[in-house]
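Following the hints, complete the assembly by docking chains B, X and D onto the known chain Y.
Take a look at the letters that make up each chain.
4 protein chains.
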Amino acid sequence: MFDMAASRKIKLLGLDVDGVLTDNAIFVGAVADARVEFKRFDIQDGLGIAMLRGSGIEVALISGRHSEATSYRAAELKIADVLQVAPDGKVPAIQALLDRKGLTWEQLAFVGDDLADLPVFERAGLPIAVANARDHIKGLAKHVTIASGGHGAVREVIERLLQSRGEYEAAVDRYLGRTERSE
Amino acid sequence: MFDMAASRKIKLLGLDVDGVLTDNAIFVGAVADARVEFKRFDIQDGLGIAMLRGSGIEVALISGRHSEATSYRAAELKIADVLQVAPDGKVPAIQALLDRKGLTWEQLAFVGDDLADLPVFERAGLPIAVANARDHIKGLAKHVTIASGGHGAVREVIERLLQSRGEYEAAVDRYLGRTERSE
Amino acid sequence: MFDMAASRKIKLLGLDVDGVLTDNAIFVGAVADARVEFKRFDIQDGLGIAMLRGSGIEVALISGRHSEATSYRAAELKIADVLQVAPDGKVPAIQALLDRKGLTWEQLAFVGDDLADLPVFERAGLPIAVANARDHIKGLAKHVTIASGGHGAVREVIERLLQSRGEYEAAVDRYLGRTERSE
Amino acid sequence: MFDMAASRKIKLLGLDVDGVLTDNAIFVGAVADARVEFKRFDIQDGLGIAMLRGSGIEVALISGRHSEATSYRAAELKIADVLQVAPDGKVPAIQALLDRKGLTWEQLAFVGDDLADLPVFERAGLPIAVANARDHIKGLAKHVTIASGGHGAVREVIERLLQSRGEYEAAVDRYLGRTERSE
Numbered sequence: 456m457f458d459m460a461a462s463r464k465i466k467l468l469g470l471d472v473d474g475v476l477t478d479n480a481i482f483v484g485a486v487a488d489a490r491v492e493f494k495r496f497d498i499q500d501g502l503g504i505a506m507l508r509g510s511g512i513e514v515a516l517i518s519g520r521h522s523e524a525t526s527y528r529a530a531e532l533k534i535a536d537v538l539q540v541a542p543d544g545k546v547p548a549i550q551a552l553l554d555r556k557g558l559t560w561e562q563l564a565f566v567g568d569d570l571a572d573l574p575v576f577e578r579a580g581l582p583i584a585v586a587n588a589r590d591h592i593k594g595l596a597k598h599v600t601i602a603s604g605g606h607g608a609v610r611e612v613i614e615r616l617l618q619s620r621g622e623y624e625a626a627v628d629r630y631l632g633r634t635e636r637s638e
Numbered sequence: 456m457f458d459m460a461a462s463r464k465i466k467l468l469g470l471d472v473d474g475v476l477t478d479n480a481i482f483v484g485a486v487a488d489a490r491v492e493f494k495r496f497d498i499q500d501g502l503g504i505a506m507l508r509g510s511g512i513e514v515a516l517i518s519g520r521h522s523e524a525t526s527y528r529a530a531e532l533k534i535a536d537v538l539q540v541a542p543d544g545k546v547p548a549i550q551a552l553l554d555r556k557g558l559t560w561e562q563l564a565f566v567g568d569d570l571a572d573l574p575v576f577e578r579a580g581l582p583i584a585v586a587n588a589r590d591h592i593k594g595l596a597k598h599v600t601i602a603s604g605g606h607g608a609v610r611e612v613i614e615r616l617l618q619s620r621g622e623y624e625a626a627v628d629r630y631l632g633r634t635e636r637s638e
Numbered sequence: 456m457f458d459m460a461a462s463r464k465i466k467l468l469g470l471d472v473d474g475v476l477t478d479n480a481i482f483v484g485a486v487a488d489a490r491v492e493f494k495r496f497d498i499q500d501g502l503g504i505a506m507l508r509g510s511g512i513e514v515a516l517i518s519g520r521h522s523e524a525t526s527y528r529a530a531e532l533k534i535a536d537v538l539q540v541a542p543d544g545k546v547p548a549i550q551a552l553l554d555r556k557g558l559t560w561e562q563l564a565f566v567g568d569d570l571a572d573l574p575v576f577e578r579a580g581l582p583i584a585v586a587n588a589r590d591h592i593k594g595l596a597k598h599v600t601i602a603s604g605g606h607g608a609v610r611e612v613i614e615r616l617l618q619s620r621g622e623y624e625a626a627v628d629r630y631l632g633r634t635e636r637s638e
Numbered sequence: 456m457f458d459m460a461a462s463r464k465i466k467l468l469g470l471d472v473d474g475v476l477t478d479n480a481i482f483v484g485a486v487a488d489a490r491v492e493f494k495r496f497d498i499q500d501g502l503g504i505a506m507l508r509g510s511g512i513e514v515a516l517i518s519g520r521h522s523e524a525t526s527y528r529a530a531e532l533k534i535a536d537v538l539q540v541a542p543d544g545k546v547p548a549i550q551a552l553l554d555r556k557g558l559t560w561e562q563l564a565f566v567g568d569d570l571a572d573l574p575v576f577e578r579a580g581l582p583i584a585v586a587n588a589r590d591h592i593k594g595l596a597k598h599v600t601i602a603s604g605g606h607g608a609v610r611e612v613i614e615r616l617l618q619s620r621g622e623y624e625a626a627v628d629r630y631l632g633r634t635e636r637s638e
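Chains as they are written, first to last, in this note's numbering: chain Y, 456 to 638; chain B, 456 to 638; chain X, 456 to 638; chain D, 456 to 638.
Okay, chain Y solo, but in the shape it has when bound (with noise of 0.2 Å):
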């Protein structure tokens, strides 16, 4: 379980990619002469992410590296703010973001594996490291997952974030399409 009072507060999940919804894989080469990059992703996360339509907590990727491989995923979560930057672009893109929607730092979950997460630990108000963090990342983590980037850690996340909320059997009835509670 998450620490209750700080998973109350959440509004937003922010999400590193590489390590976080993927292994820290990328699959390279060359199709037609031209530069080809896969990313493999985790099908039980994506049924996690459809779990927080509705609950109030939005979702947004912050990926120190572009790839379409990225904006084809997010599309299909129907994830609308994923922002592609440089590793040291995090903390100023995450801002903006924020001040967009109008919330603060306390608000935002994070979820990292590497040093180019530490400035954005360092600010959020629920940092939390994967099982395959870096040590220097977990340091800084409020909460380390059981599970590894790409093999169910987000979705691990999303279960404990719900749960600490009082949130969890809601979330499933919503998905399933049952008793709908009122939030």
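Watch out, some of these pointers could steer you wrong.
[Said to hold, decoys possible] Taking lysine to any residue pairs in the SDA-like style, the calculated list, with each CA pair at most 25 Å apart, reads:
1) B/K593 - Y/S603
2) X/K533 - D/G509
3) D/K597 - X/D628
4) B/K593 - Y/G621
5) B/K533 - X/A489
6) D/K593 - X/D488
7) B/K466 - B/V627
8) B/K593 - Y/R620
9) B/K533 - X/D488
10) X/K466 - X/G632
11) X/K593 - B/S603
12) X/K464 - X/E624
13) D/K593 - X/S603
14) Y/K593 - Y/A460
15) Y/K593 - D/D628
16) B/K466 - B/Q618
17) B/K593 - Y/R633
18) Y/K593 - D/R633
19) Y/K593 - D/K593
20) Y/K533 - B/V627
21) B/K597 - Y/A460
[Stated by the list, open to error] Not close to chain Y: a few residues of chain B, all C-beta gaps over 10 Å, as computed:
22) K466
23) A485
24) A530
25) A535
26) V540
27) R615
Calculated directly from the structure, the hints in this document are not laboratory data.
Backbone N, C-alpha and C define an ideal beta-carbon position, used for all residues, glycine too.
Showing chains B, X and D alone in chain Y's frame:
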């Protein structure tokens, strides 16, 4: 071993795709500015499905997501019934399939891994969760596989199902083109 | 170590492809509306096959399934004999290959993982199952590898085969272009 | 930790590619009747290589095999020296590179996994084997990584190398654009 009485009633093996025939991964990238998606299937699962031919048990794929990868794999495995619907459309799609085949829910074994399979688990005669299924789903399953999805879980289900019906050796002989036994 | 007497008779190393040179995975997707299939091969296996050159042991691939991926990998590894047949066509295909080369089944080491390899195991002088082989197949093997298919199983077979023949160090020297030993 | 005296001499980090920057896998298939090959690279390794910029240690890739995937990944990581040669051509290629840079073998740390790296290990000041290296190679290495190739082995080497030189914290600060220290 599965429950023998329940196993003997089975006429249709329904398989979720992501997380069951795959390890929940999708590989996403751009080729010539178009989205491309790969899925990872297991050849030993495929041989298991081939072993069912002539057994009196049909196979159907029921996915809560559309993917060309699923269609191609189904064609290769000679699976005619491929239902790719919205996550909340699995029950009506299976109902229509059962009706068309003159079967009941009790005659359906179904293998799943996530929340979208929950309403199917509540109806199927033999609901089976893969090792990598969410806990919520495992709690509703009559059996949980040792192998994970995409790493032989479907093969394990098929072998256990045939063993529980006392038909495993006959299926091996039939696959190898040896002394066929009448069924 | 393999049986020394049996090892010294080997003139041909036959390799199943899926589950032996790969981890049983196929990656399936659509590119420009056409089916595309990738297989995952291991570079250390490839170096092992290169070590056999000049050893007097030839290599052949015998697959129960056709795939361009197999043809490309065979070409890269300079394997001339690539038999891609129906699952029940392995024995006659190997028989024809042995006849053409003037060899007997006793001179064949064969590495397999699944039921389609069973009739070959019953005939080959040195039937070897990979760690990820089905139990049915392991029961018929003279040896079971520690490594899994696609993760060094073939390299392990080649190193053990050379060691059992007392030719490992010579093969290393030959690969590195050092003091060749006559064979 | 690496040997401090040996570490302080290093001016060039040479990396084998397959099995070191990857998990030894190549993904092979046909797209529009042409051979396509993908390799799987690790993003945390990439950040490690970025950490070396400004450290006075250059990075070179030395592969015994040609692949467009390697060229693309090198370009992305801003690695100018990419030697893709025959397996037995690594030593002369590195010799020429060292000559051009005015360096000696003692100033080279080299990370490898297989027989083709053996002649390099015999000459390099700091030969390092990855966890998945063949035993033959591990025996010649001064260090063996805990992480496997393609799963953070290169990141581990870089962090240990910087720590052994007492430069790790400075490299983190430099990467994050914080209080730079002169070098």
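Quick rundown of the hints versus the structure:
no., hint, in the structure
1, B/K593 - Y/S603, "21 Å, holds"
2, X/K533 - D/G509, "44 Å, violated"
3, D/K597 - X/D628, "22 Å, holds"
4, B/K593 - Y/G621, "22 Å, holds"
5, B/K533 - X/A489, "18 Å, holds"
6, D/K593 - X/D488, "46 Å, violated"
7, B/K466 - B/V627, "19 Å, holds"
8, B/K593 - Y/R620, "24 Å, holds"
9, B/K533 - X/D488, "20 Å, holds"
10, X/K466 - X/G632, "23 Å, holds"
11, X/K593 - B/S603, "20 Å, holds"
12, X/K464 - X/E624, "19 Å, holds"
13, D/K593 - X/S603, "21 Å, holds"
14, Y/K593 - Y/A460, "21 Å, holds"
15, Y/K593 - D/D628, "17 Å, holds"
16, B/K466 - B/Q618, "15 Å, holds"
17, B/K593 - Y/R633, "20 Å, holds"
18, Y/K593 - D/R633, "20 Å, holds"
19, Y/K593 - D/K593, "31 Å, violated"
20, Y/K533 - B/V627, "46 Å, violated"
21, B/K597 - Y/A460, "38 Å, violated"
22, K466, "27 Å, holds"
23, A485, "4 Å, violated"
24, A530, "21 Å, holds"
25, A535, "24 Å, holds"
26, V540, "14 Å, holds"
27, R615, "24 Å, holds"
Hint violations for this structure: numbers 2, 6, 19, 20, 21, 23, all remaining hints satisfied.
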